[in-house]
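Visitor: Listed below, chain by chain, are the residues.
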Amino acid sequence: MANKAFGIITSAANYIHVEGMHDYRPIGAFSFVGRYRVVDFPLSNMSNSGIDRIQVYINSRPRSIIDHIGSGRHYNVNSKRGRIQLLFTESNTPGGLYDTDIEAMMENMEQIERMTNPYVVIAPSYMVYREDYSKLLEDHVASGADISLLYYKHSNAKEEYLNAGTLNLNRQKGVTSITRNLGDAKEKNIFMDTYIMSKELLIQLIKEAKAYSSLYTLSQIVSDKCAELDVRGVQHKGYFAAILSLKDYYNANRRLLSQKDAEDLFKPNWPIYTRTTDSCPTKYYECSDVRNCLVSNGCLIEGTVENSVIGRGVRIKKGAVVKNSIILAYTTIGENVHVENEIVDKWANITHVKEVVAPEGHPGYVKRNDTL
Amino acid sequence: MSQTNMLAMILAGGRGSRLHELTSKVAKPAVSYGGKYRIIDFPLSNCANSGIDVVGVLTQYESVLLNSYVAAGGRWGLDTRDSGVFVLTPREKADEGLDVYRGTADAISQNIDFIDTYDPEYLLVLSGDHIYKMNYAKMLDYHKANKADATIAVIGVPMKEASRFGIMNTDETGRIVEFEEKPANPKSNLASMGIYIFNWKLMRKMLLDDMKNPNSSHDFGKDFIPVMLNNGKALYAYEFKGYWKDVGTIDSLWEANMDLLDDKNELNLSDHSWKIYTEDSSSIPQYIGADAKIHRAYITQGAVVKGEVHNSVLFTNSTVEAGAKVIDTVLMPGAVVEEGAVVTRALVADGVRIGRNAVVGSADSENILLVAKRVKGEE
Numbered sequence: 001m002a003n004k005a006f007g008i009i010t011s012a013a014n015y016i017h018v019e020g021m022h023d024y025r026p027i028g029a030f031s032f033v034g035r036y037r038v039v040d041f042p043l044s045n046m047s048n049s050g051i052d053r054i055q056v057y058i059n060s061r062p063r064s065i066i067d068h069i070g071s072g073r074h075y076n077v078n079s080k081r082g083r084i085q086l087l088f089t090e091s092n093t094p095g096g097l098y099d100t101d102i103e104a105m106m107e108n109m110e111q112i113e114r115m116t117n118p119y120v121v122i123a124p125s126y127m128v129y130r131e132d133y134s135k136l137l138e139d140h141v142a143s144g145a146d147i148s149l150l151y152y153k154h155s156n157a158k159e160e161y162l163n164a165g166t167l168n169l170n171r172q173k174g175v176t177s178i179t180r181n182l183g184d185a186k187e188k189n190i191f192m193d194t195y196i197m198s199k200e201l202l203i204q205l206i207k208e209a210k211a212y213s214s215l216y217t218l219s220q221i222v223s224d225k226c227a228e229l230d231v232r233g234v235q236h237k238g239y240f241a242a243i244l245s246l247k248d249y250y251n252a253n254r255r256l257l258s259q260k261d262a263e264d265l266f267k268p269n270w271p272i273y274t275r276t277t278d279s280c281p282t283k284y285y286e287c288s289d290v291r292n293c294l295v296s297n298g299c300l301i302e303g304t305v306e307n308s309v310i311g312r313g314v315r316i317k318k319g320a321v322v323k324n325s326i327i328l329a330y331t332t333i334g335e336n337v338h339v340e341n342e343i344v345d346k347w348a349n350i351t352h353v354k355e356v357v358a359p360e361g362h363p364g365y366v367k368r369n370d371t372l
Numbered sequence: 001m002s003q004t005n006m007l008a009m010i011l012a013g014g015r016g017s018r019l020h021e022l023t024s025k026v027a028k029p030a031v032s033y034g035g036k037y038r039i040i041d042f043p044l045s046n047c048a049n050s051g052i053d054v055v056g057v058l059t060q061y062e063s064v065l066l067n068s069y070v071a072a073g074g075r076w077g078l079d080t081r082d083s084g085v086f087v088l089t090p091r092e093k094a095d096e097g098l099d100v101y102r103g104t105a106d107a108i109s110q111n112i113d114f115i116d117t118y119d120p121e122y123l124l125v126l127s128g129d130h131i132y133k134m135n136y137a138k139m140l141d142y143h144k145a146n147k148a149d150a151t152i153a154v155i156g157v158p159m160k161e162a163s164r165f166g167i168m169n170t171d172e173t174g175r176i177v178e179f180e181e182k183p184a185n186p187k188s189n190l191a192s193m194g195i196y197i198f199n200w201k202l203m204r205k206m207l208l209d210d211m212k213n214p215n216s217s218h219d220f221g222k223d224f225i226p227v228m229l230n231n232g233k234a235l236y237a238y239e240f241k242g243y244w245k246d247v248g249t250i251d252s253l254w255e256a257n258m259d260l261l262d263d264k265n266e267l268n269l270s271d272h273s274w275k276i277y278t279e280d281s282s283s284i285p286q287y288i289g290a291d292a293k294i295h296r297a298y299i300t301q302g303a304v305v306k307g308e309v310h311n312s313v314l315f316t317n318s319t320v321e322a323g324a325k326v327i328d329t330v331l332m333p334g335a336v337v338e339e340g341a342v343v344t345r346a347l348v349a350d351g352v353r354i355g356r357n358a359v360v361g362s363a364d365s366e367n368i369l370l371v372a373k374r375v376k377g378e379e
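So the sequences go chain by chain: A and B. Under the numbering used here, think of the first position of the first sequence as 1, with each following residue one higher. Under the numbering used here, think of the first position of the second sequence as 1, with each following residue one higher.
In isolation and in its complexed conformation, chain B is listed as follows:
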């Protein structure tokens, strides 16, 4: 707490069911991305880089891997005397018994005791499944300058897509006058990014009220923010410019990976001043074979390429054997494309093998093919 007096809570309980088999065993924030990362590395690294010392991670769905992953706070440098990453799962309490998190706001309410031990002035609430780089310290400066009760980060989305988002309507000073969840006829294109800064004292009081309200679904977007607005609290929109992606589907996860191949991509992962930290792998450097052909690819440590790779992203310890072709494809950690196989427009899940000479996916498919099970090849 020595740096910003702001504690962060990351909501990481969601399953992400539109990612199908990718999230049958791990929660969405733990899904691999960009060769060597997991999605939750982004909010965690942003916290570390923004000078936030204490981060609570609220987990619920299939949380074994996610819990052990984030508990090693040293990965993000959050393991000093004053810092730490704390896994907060629903727990049994003396007076209430065991309860799951009933909604995003409830997840915070159930951990008021944890937050109180740090006595923060501000609480930053984040979502664990978005890919972006953002300096939360700047957002806090903006929050303070406005003397706001709450500040919500927003991003401009194309007007025709605005009805898919929670839209903030603001006055000329940036103060939020109205919040509409997925409006049919949006009045603005400023979509909520699910990033909130609250003054903890006020929030704490309102959370206790919300817990008692039988009509509340205890959700930030549906309940908590509307109540704040109705009570005339000062809510401001903080406009973020840059790369931001909510990878809800296989197509969008694939796309977010492909974005890394684009030279104009704003999510510059090679920027040394804002590194994204992740689990350290002890794999050896990537080996590119004598007959390999690589054109436009993003490849990480431990990958072995002996065949052809075009316009693709290869994750840790993935393998493209001799004579195999990988085109417009994402190979997740440990995926193997055996000799002579051809993979096109696909996302091959962790550890999945594509057998010898098998042909998977097609260049003109409408959707990206998720390959989550072994594909048999020629014997």
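The shape of chain A in the complex, shown without the other chains:
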């Protein structure tokens, strides 16, 4: 079934900005639960669903995501029959007015038109979930709908996922419109920016949107079409995270310390692929004290670490205390340094400042490559 569809992985909309982290890379290239990048999740979902022609749209600071995806071989996509394409938009300024998904697809229209698969699955590079697209596609075709949209019923929409799309549904799960989450209600159907439709319809929508306004987005044109097309919402159950702010990023990582969430996202028959760095195992010293943590390989741990996610090759020295934090790869937490409620970006070195503590619920951010 799934070889009936090709895949498109989109970048975050221009109004989304994740403080600090986003200055260095697109959200798809953010490190996630230590060893992964966010984009590994949509790519693995597609690969595991049997989709082997995948276009990844990149709109800003491409280095890290290109390094990471490379030839795409590690995503288990057949290297002859399948292909992962990295597509750029050259005319816009990242985060600028014209930086929209429609603009990106319009610029690469030729690549979309050339696809021989009759259907397309569009998924975002800035959300994390596990979903079998081949099943969704099967249901989509059987339902006779024009467009199927994936949503997540979220009970904390006043505080989380602000600015995300929300689906307004009628009783038959027909979508009546797509609006933004302005934090005005507790429970919302968060739109997972995941679409299934025919290739033909996608091309038609892109062209119509572009003709209507150069600033139009795919979700806007789909919302406009809800009256005339059969647009349906499909509910996703299980772990879901949208990374639209630094707090979302922090919570999305930390939630996976719960075994229930981790077991839901990571199934043995649904591997999440990533690029290996060939780091060696992690060494725990005599004086280490580690509790409730996810720890990547290549770390040297001498200190105390609690309720945290530790990236590859991190050094936590003697007497250091790390609590409720997300520590990205190759960071050093020096002797007797206390870090709490922080996101510490890659290659940072905290040695001289002994207390880096943010208030609970408001995670702090230490810059990439910074020395404190």
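Among the hints, erroneous ones may be present.
[Said to hold, decoys possible] As a list, the in silico DSSO-like pairs of lysine-lysine whose alpha-carbon atoms are at most 30 Å apart: (1) K318/A to K306/B; (2) K275/B to K318/A; (3) K260/A to K306/B; (4) K306/B to K323/A.
[To be verified] Computed beta-carbon distance windows for the label pairs: (5) S365/B to E286/A: 21 to 29 Å; (6) L300/A to R164/B: 33 to 41 Å; (7) A71/B to K318/A: 41 to 49 Å; (8) N268/B to E286/A: 15 to 23 Å.
If you are wondering where the hints come from, they were derived from the structure by calculation, not from laboratory data. Beta carbons are placed, not taken as given, at the ideal position from N, Cα and C, and that holds for glycine.
Fit chain B to the known structure of chain A by using the hints.
Guide: For chain B alone, kept in the frame of chain A given last:
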């Protein structure tokens, strides 16, 4: 061949019968080591890091897993246009029929046609079951500087243990004057590491002679090297300094794992300039539970620790359940220590479960306990 003009052949046919059940289904080079590796990752990664492009792996005993493992040369970066890892098992030939490899030298002789297709100037012969990091390009420089016919890597061993090894006696220039296999009264402590560089042209000719010799057992140590010495060829000893371990027994395999916990251990696996590459696992990062206690441990991806771990090495996807204690122990891939069980001074084989509240091994045992079968616990 673009980089060194040296082709490597790894001898990986041995069973390693002193590893008991660990090698009942896989050959010794495929035995797991150091949390995430297999022993053969070391010579293969050394080759890749030394700029050697083409590696032949000679397999024989229980080779299904080993063959499929090494055939994926991309793991070591050896999958470019000019590079590759080639599995060479004994094969039937038009004029001779099927023959097993009769000895280490015979394994090379039977693959002369393979080596000839690359037309190398030098041939590097390695053993697939040693753990060490070594730059073979440096050894080749030494070989060239001496204008040697063959160079053998040696390592200094304690004099009292020298009679367990093949010992090289050298003159002051490093030239080998005598080779003694397990001498009762060793004259030097330079033990052969089973790493040889030969000039291929000369070696090829001598291998053909050796094949025809009815009195030869076709072994490098017993036959080939002594013949070279007797013929007055220039053989040099290349002294290696660093970590090197032949893990022949359960005790030594356990010890080699424990060495990784030692801060002064010279086998620094976190050195980014000389990484050891291995199979990529899609397991998630290791999870350390809220009540876990970990003191001195080497733990890899996919491991789950909810109990206590002291002075131990935990391999991919191994599990220590709540209330369990793992002390001075190696848990191989997928091994599970269930709730409340206590494991001391043991090596728990791949996928073996130790049942609830079971007590296995003891702190004052002379030898390390190999646990190769499920240990029943309380129901």
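Visitor: Hint by hint, which ones does this structure get wrong, listed from lowest number up?
Guide: none
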